[in-house]
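There are 2 protein chains.
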Amino acid sequence: MAAWSERLAGVRGVLLDISGVLHDSGEGGGVPIPGSVEALARLKRSQLKVRFCTNESQKSRGDLVGLLRHMGFDISEGEVTAPAPATCLILKERGLRPHLLIHDGIRSEFAQIDTSNPNCVVIADAGESFSYQNMNKAFQVLMELDNPVLISLGKGRYYKETSGLMLDVGAYTKALEYACGIKAEVVGKPAPGYFQSALQEMGVESHEAQ
Amino acid sequence: MAAWSERLAGVRGVLLDISGVLHDSGEGGGVPIPGSVEALARLKRSQLKVRFCTNESQKSRGDLVGLLRHMGFDISEGEVTAPAPATCLILKERGLRPHLLIHDGIRSEFAQIDTSNPNCVVIADAGESFSYQNMNKAFQVLMELDNPVLISLGKGRYYKETSGLMLDVGAYTKALEYACGIKAEVVGKPAPGYFQSALQEMGVESHEAQ
Numbered sequence: 001m002a003a004w005s006e007r008l009a010g011v012r013g014v015l016l017d018i019s020g021v022l023h024d025s026g027e028g029g030g031v032p033i034p035g036s037v038e039a040l041a042r043l044k045r046s047q048l049k050v051r052f053c054t055n056e057s058q059k060s061r062g063d064l065v066g067l068l069r070h071m072g073f074d075i076s077e078g079e080v081t082a083p084a085p086a087t088c089l090i091l092k093e094r095g096l097r098p099h100l101l102i103h104d105g106i107r108s109e110f111a112q113i114d115t116s117n118p119n120c121v122v123i124a125d126a127g128e129s130f131s132y133q134n135m136n137k138a139f140q141v142l143m144e145l146d147n148p149v150l151i152s153l154g155k156g157r158y159y160k161e162t163s164g165l166m167l168d169v170g171a172y173t174k175a176l177e178y179a180c181g182i183k184a185e186v187v188g189k190p191a192p193g194y195f196q197s198a199l200q201e202m203g204v205e206s207h208e209a210q
Numbered sequence: 001m002a003a004w005s006e007r008l009a010g011v012r013g014v015l016l017d018i019s020g021v022l023h024d025s026g027e028g029g030g031v032p033i034p035g036s037v038e039a040l041a042r043l044k045r046s047q048l049k050v051r052f053c054t055n056e057s058q059k060s061r062g063d064l065v066g067l068l069r070h071m072g073f074d075i076s077e078g079e080v081t082a083p084a085p086a087t088c089l090i091l092k093e094r095g096l097r098p099h100l101l102i103h104d105g106i107r108s109e110f111a112q113i114d115t116s117n118p119n120c121v122v123i124a125d126a127g128e129s130f131s132y133q134n135m136n137k138a139f140q141v142l143m144e145l146d147n148p149v150l151i152s153l154g155k156g157r158y159y160k161e162t163s164g165l166m167l168d169v170g171a172y173t174k175a176l177e178y179a180c181g182i183k184a185e186v187v188g189k190p191a192p193g194y195f196q197s198a199l200q201e202m203g204v205e206s207h208e209a210q
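Chains A and B, in that order, are what the protein sequence lines are. First residue of the first sequence? That's 1 in full-length UniProt numbering, and the numbers climb one at a time after it. First residue of the second sequence? That's 1 in full-length UniProt numbering, and the numbers climb one at a time after it.
Simulated from the structure, these hints should not be mistaken for laboratory data. Remember, predicted model here, so these are calculated numbers, not experimental data. Don't take each hint at face value.
A pair holds if it fits inside one copy or across any two, identical chains being indistinguishable in the list.
With a straight-line Cα cutoff of 27 Å, these simulated DSSO-like cross-link-like pairs (lysine-lysine) come out [unchecked claim]:
#1 92 with 137
#2 189 with 49
#3 183 with 44
#4 155 with 183
#5 137 with 155
Working from the sequences, and respecting the hints, build out all of it.
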């Protein structure tokens with residue numbers, strides 16, 4: 001294996017995931033992964049640019065960063081690429097008014113969005129809010145549209161919490177896709193455009209990042 | 001269009017769906033579809049054998065038949081092919097002990113089934129019982145199995161109730177399939193084996209039925 005200095009030749013920036021990389025989420029915000037606070041501090045002291053790219057869609061960026069700072073991580077809101085703000089840009093650009101199937105913890109990110117008379121559905125990791133009633137309401141909204149648009153914040157199958165594996169938004173997106181006979185647009189990893197926007201915000205080209 | 005007598009030449013039996021054919025389900029058991037009580041009565045007076053083949057998985061056969069009789073339909077429990085009893089046969093044959101993700105209305109059909117230490121998941125149209133917590137529990141059971149078996153009672157996308165369209169079991173089965181990376185076994189229409197067993201119970205060959 002090549003030395004780190006060799007492997008990092010030409011690399012100007014590092015894009016870090018958050019959940020499962022910095023911490024394991026869970027009750028009370030979860031726990032830091034051993035060594036990750038120190039690793040991030042070292043990266044920040046280096047010449048490399050650092051940015052965070054997450055699919056977190058249960059918490060607002062503010063709440064997420066607050067939790068991580070409390071655990072000792074050197075992180076600020078402006079350094080985080082998250083799917084909810086990216087979705088808000090898309091909604092505004094395309095004149096879309098969403099019905100929101102989301103967790104209450106992220107509702108504040110959509111405060112400036114017109115949700116009257118919806119012409120699309122936005123689905124995020126709603127957790128306990130994935131009730132039958134809420135899923136059925138989103139389904140009915142889609143079925144009433146001539147051109148049903150479903151925007152999914154990520155397409156994860158599941159994630160790990162301190163208490164065990166948890167179903168992620170991707171599973172529920174598949175349910176709506178199947179019921180409505182449509183294909184969702186994914187905002188979040190692994191959509192290439194999402195990584196690109198994170199790189200742009202970091203100010204490096206894709207061949208310069210790791 | 002050929003006359004009915006011509007079209008029915010060689011036909012010895014008729015397999016009828018229930019929901020959407022005899023009645024529209026909904027609050028208080030739903031409402032009969034106009035003309036269907038009389039049409040069934042005429043069929044029963046004819047030379048044709050009649051059997052019912054449903055994907056109903058929220059109610060036990062007894063409860064379903066009770067509702068339909070109350071609406072005026074000439075129907076008895078023994079004339080109904082339903083996915084829950086068919087599933088029980090499969091579970092017994094293969095020594096499977098299910099974790100049940102089902103509606104309370106159908107739990108009695110599984111009364112004779114060993115559900116201790118589950119080695120498979122059975123999913124039916126659980127309606128309001130499709131909570132995040134219940135879905136996640138079924139997901140966790142599957143993820144803990146070396147050879148995860150998921151049996152789905154039908155794979156309908158949605159059905160119509162008097163109050164509107166409702167998400168059906170197929171959507172939730174897709175969610176679990178995606179999350180676990182597996183394929184469910186379907187007991188119910190449109191699985192050919194399910195139609196075959198209904199025909200067998202009616203005592204006619206597939207080319208003799210309509």
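Quick rundown of the hints versus the structure:
1. 92 with 137: Close inside one copy (23 Å), not across copies (38 Å); limit 27 Å.
2. 189 with 49: Answer is within; shortest intra-copy Cα gap is 20 Å, inter-copy 56 Å.
3. 183 with 44: neither (40 Å within a copy, 45 Å between copies)
4. 155 with 183: both (12 Å within a copy, 18 Å between copies)
5. 137 with 155: both (20 Å within a copy, 20 Å between copies)
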